[in-house]
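Given these sequences and hints, build the entire structure.
For reference, the chains in residue letters:
2 protein chains.
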Amino acid sequence: MRPSTKTRLSESLRAIVGSGVEAIDTPALVVDLDAVMRNLGRMAEFAKKHEMRWRPHAKMHKSSALAKLQMQAGAVGVCVQKTAEAEAMVAGGVNNVYITNEVVAPGKLARVAALAHLVAAENGQLAIAVDSIEGVTRLAQAMNEARPHAPAPAVIDVFVELDVGQGRCGIPPGRQAVGLVHEIRRHPALRFAGLQAYHGKAQHLRSPQARRDAIAAAVQDTKFTRSLIEKEGVPVDLVTGAGTGSMVCEAASGLYGELQAGSFMFMDADYAANERDPAQPHFEHALFVKSQVISSGLQHAVCDAGHKSHAIDSGLPRVHSFSGEPTLDYFNGGDEHGILRPAAGAGVAVPRIDDVVWLIPGHCDPTVNLHDFLVGVTGGLEQGEVSRIIRVDARGALT
Amino acid sequence: MRPSTKTRLSESLRAIVGSGVEAIDTPALVVDLDAVMRNLGRMAEFAKKHEMRWRPHAKMHKSSALAKLQMQAGAVGVCVQKTAEAEAMVAGGVNNVYITNEVVAPGKLARVAALAHLVAAENGQLAIAVDSIEGVTRLAQAMNEARPHAPAPAVIDVFVELDVGQGRCGIPPGRQAVGLVHEIRRHPALRFAGLQAYHGKAQHLRSPQARRDAIAAAVQDTKFTRSLIEKEGVPVDLVTGAGTGSMVCEAASGLYGELQAGSFMFMDADYAANERDPAQPHFEHALFVKSQVISSGLQHAVCDAGHKSHAIDSGLPRVHSFSGEPTLDYFNGGDEHGILRPAAGAGVAVPRIDDVVWLIPGHCDPTVNLHDFLVGVTGGLEQGEVSRIIRVDARGALT
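Line by line, the protein sequences are chains D and V.
Take the first sequence: its position 285, counting from 1, is numbered 285 in the numbering used here, and each next residue is one higher.
Take the second sequence: its position 273, counting from 1, is numbered 273 in the numbering used here, and each next residue is one higher.
Among these hints, one or two may not hold up.
Stated by the list, open to error - Incomplete in silico selection of chain V near chain D, CB under 10 Å:
id	residue
1	His50
2	Glu51
3	Gly200
4	Leu298
5	Leu370
Calculated directly from the structure, the hints in this document are not laboratory data.
Even for Gly, the Cβ is constructed at its ideal location relative to N, Cα and C.
Next comes the structure, spelled out in structure tokens:
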């Protein structure tokens with residue numbers, strides 16, 4: 001007498017492959033797969049032109065299926081922020097994963113070490129960032145403890161993270177890195193793989209010049225640190241970093257060898273608000289929340305998508321306009337609702353019950369993390385059809 | 001060679017019943033079950049004193065297990081906002097559910113009707129809100145179409161939603177309600193159950209007087225609308241509404257018969273910032289994100305909980321202090337990190353790697369929606385132990 005698991009599953013799916021976009025139940029997170037493929041092609045071309053590796057950040061899409069799509073397009077692997085995200089990627093068949101973050105809890109490091117041995121047995125590679133001696137020694141201990149249980153001995157790649165302006169994790173540029181590098185090199189299960197110099201705060205500086213200035217400072221600090229390490233006779237094989245906002249600057253630096261940008265594939269309202277650097281490939285919006293009007297009054301209408309359908313840490317979503325002209329403004333309606341009003345001067349009426357709006361989320365990463373599935377559409381949002389349901393298999397992978 | 005589903009499950013669980021709080025992996029959403037039971041007791045006592053029904057909003061906790069706990073404490077059932085939430089509640093054994101929101105899509109109404117018939121067969125009751133003639137006629141059609149497949153004929157309770165100041169869904173108070181009521185009464189499968197008069201915007205007005213003024217206006221509008229309906233010879237059995245912020249006002253009104261407040265059970269930083277009405281029971285913080293420091297520098301430390309661990313639509317989390325004195329301030333570190341600095345005048349050091357912080361989320365509802373499980377603790381956050389893992393079975397139930 002109870003709705004079965006299947007009921008909940010069909011609810012979660014919300015769409016059937018082969019049906020038209022009009023049949024997608026709302027709210028749903030919809031991906032324009034044509035735009036995704038164009039964005040991936042532009043990134044691959046950009047990286048090739050600059051002779052750089054690209055390792056997109058999977059914290060954004062949280063999907064092993066999309067990670068594999070990126071690797072088919074030329075990515076060397078993916079980045080993640082969390083041990084549990086790495087586990088989800090590996091479980092999904094991705095065996096080149098870099099945890100661009102510090103892991104210090106022994107329980108988590110045991111999982112990291114198990115994963116490192118697992119991917120090594122499949123000719124894959126795990127990497128991780130560190131910013132403390134304690135972090136290095138615990139990682140080495142975990143790698144050694146995992147070895148007797150592992151199918152094959154493994155070496156984990158270790159990047160020293162520099163704080164190049166983000167003010168978050170990472171050691172300050174300079175001498176401190178040398179001690180960390182020596183500590184890494186003391187342990188046979190660890191390989192010093194290079195420096196991570198990601199400047200998160202530079203990504204959304206609105207003017208290209210401000211982003212160039214921020215990355216120029218990061219480059220200077222990182223080069224200085226690299227020179228100190230190399231003076232000790234230790235090569236620095238790779239500097240890795242960059243996001244969608246600043247990637248043209250890192251690419252032009254001659255220092256970075258790997259781009260971690262991830263948001264370019266979906267884009268969002270916050271990145272779209274950046275003034276575009278002429279050197280930047282044109283990345284299209286590919287991520288939308290499909291929503292429907294459930295209530296309509298004289299002054300406003302209410303749609304069925306609120307904070308539980310899209311993250312608002314970078315602002316409320318924008319209403320997508322197919323004509324390019326403004327139509328509706330979206331206002332905060334709480335967790336489950338959005339308030340819609342005609343945009344100033346748009347000359348459109350208040351939407352009616354059943355009307356569909358396509359929302360462009362403020363920030364792609366935490367928006368994707370709210371959904372179990374992405375509904376992949378080809379042929380456009382107006383006439384297209386559902387061609388693929390993509391599981392967000394690292395959704396909620398927090399630890 | 002792949003990590004099994006069990007690996008992911010154990011990651012999601014993060015805690016084992018019987019272990020101490022120190023063993024809970026981070027970040028984790030932890031519920032102080034002792035505080036929960038005290039909060040439920042205070043709500044039950046308050047409702048009894050005012051001779052009111054209480055039907056807490058399950059959009060907050062999204063857990064059928066907690067819904068059943070609330071009903072054991074005296075709640076008549078629960079509220080939800082979404083069809084999919086209602087399905088999750090019913091699947092979890094809760095058969096008295098009120099969808100306090102408009103549902104207009106025929107596909108969803110078919111699910112609503114199926115659910116109405118399902119709970120009726122178990123002596124339960126489904127209810128729903130409407131604010132349009134179109135919504136009523138579609139609901140009636142769905143109920144009729146579901147009937148031949150249903151184990152027993154059912155009648156769904158229908159509340160007419162008034163917009164009493166929220167500016168979201170609902171019709172304006174006044175004559176429009178009469179037409180809607182007549183339309184509801186035309187359909188044998190629908191029962192006009194009363195009026196919903198929920199004032200969302202009143203919940204976080206900081207001063208008790210401002211909240212009293214807002215609810216006084218809502219009461220006046222609702223009484224006027226009720227009198228228009230009763231003049232037609234139609235009884236208005238129930239007025240339902242109220243949230244944790246304003247509930248003392250609705251309770252004192254003599255108009256409302258049912259309280260929908262939900263957040264009182266967990267509380268959050270936003271509700272704690274309200275100046276407390278003397279008539280309000282003292283509800284304790286019961287919801288925390290346990291987080292651990294993963295990086296530590298001279299000026300700040302970084303913990304492992306960011307926007308993907310807690311919603312920030314109502315502001316960043318506060319760091320819980322066991323002494324009551326301020327210790328640390330939490331700053332935005334993005335999706336996966338929090339920045340911690342000693343609070344002004346606190347005289348504490350920058351936290352070190354491994355240090356644990358307990359965060360009080362800004363807003364409980366969308367925070368719970370980010371997690372698959374709540375870790376239930378008894379005996380307090382310092383010395384207690386994990387006594388129950390609670391599945392958030394309506395997490396992500398968006399449609």
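Here is how each hint holds up against the structure:
With 10 Å as the threshold, the beta carbon of V/His50 stays out of range of chain D, its nearest partner Cβ sitting at about 26 Å, so the hint is violated. Hint status for V/Glu51 relative to chain D: violated, with the closest Cβ pair at about 30 Å, above 10 Å. Residue-level restraint check for V/Gly200 holds (minimum Cβ-Cβ distance to chain D is 6 Å; threshold 10 Å). Taking 10 Å as the C-beta contact cut-off toward chain D, the hint placing V/Leu298 at the interface holds, the least distance being around 9 Å.
Among the interface hints, the one on V/Leu370 holds; its C-beta lies about 7 Å from the nearest C-beta in chain D, closer than the 10 Å criterion.
When the structure is compared with the earlier hints, violations turn up for hints 1 and 2 and for no others.
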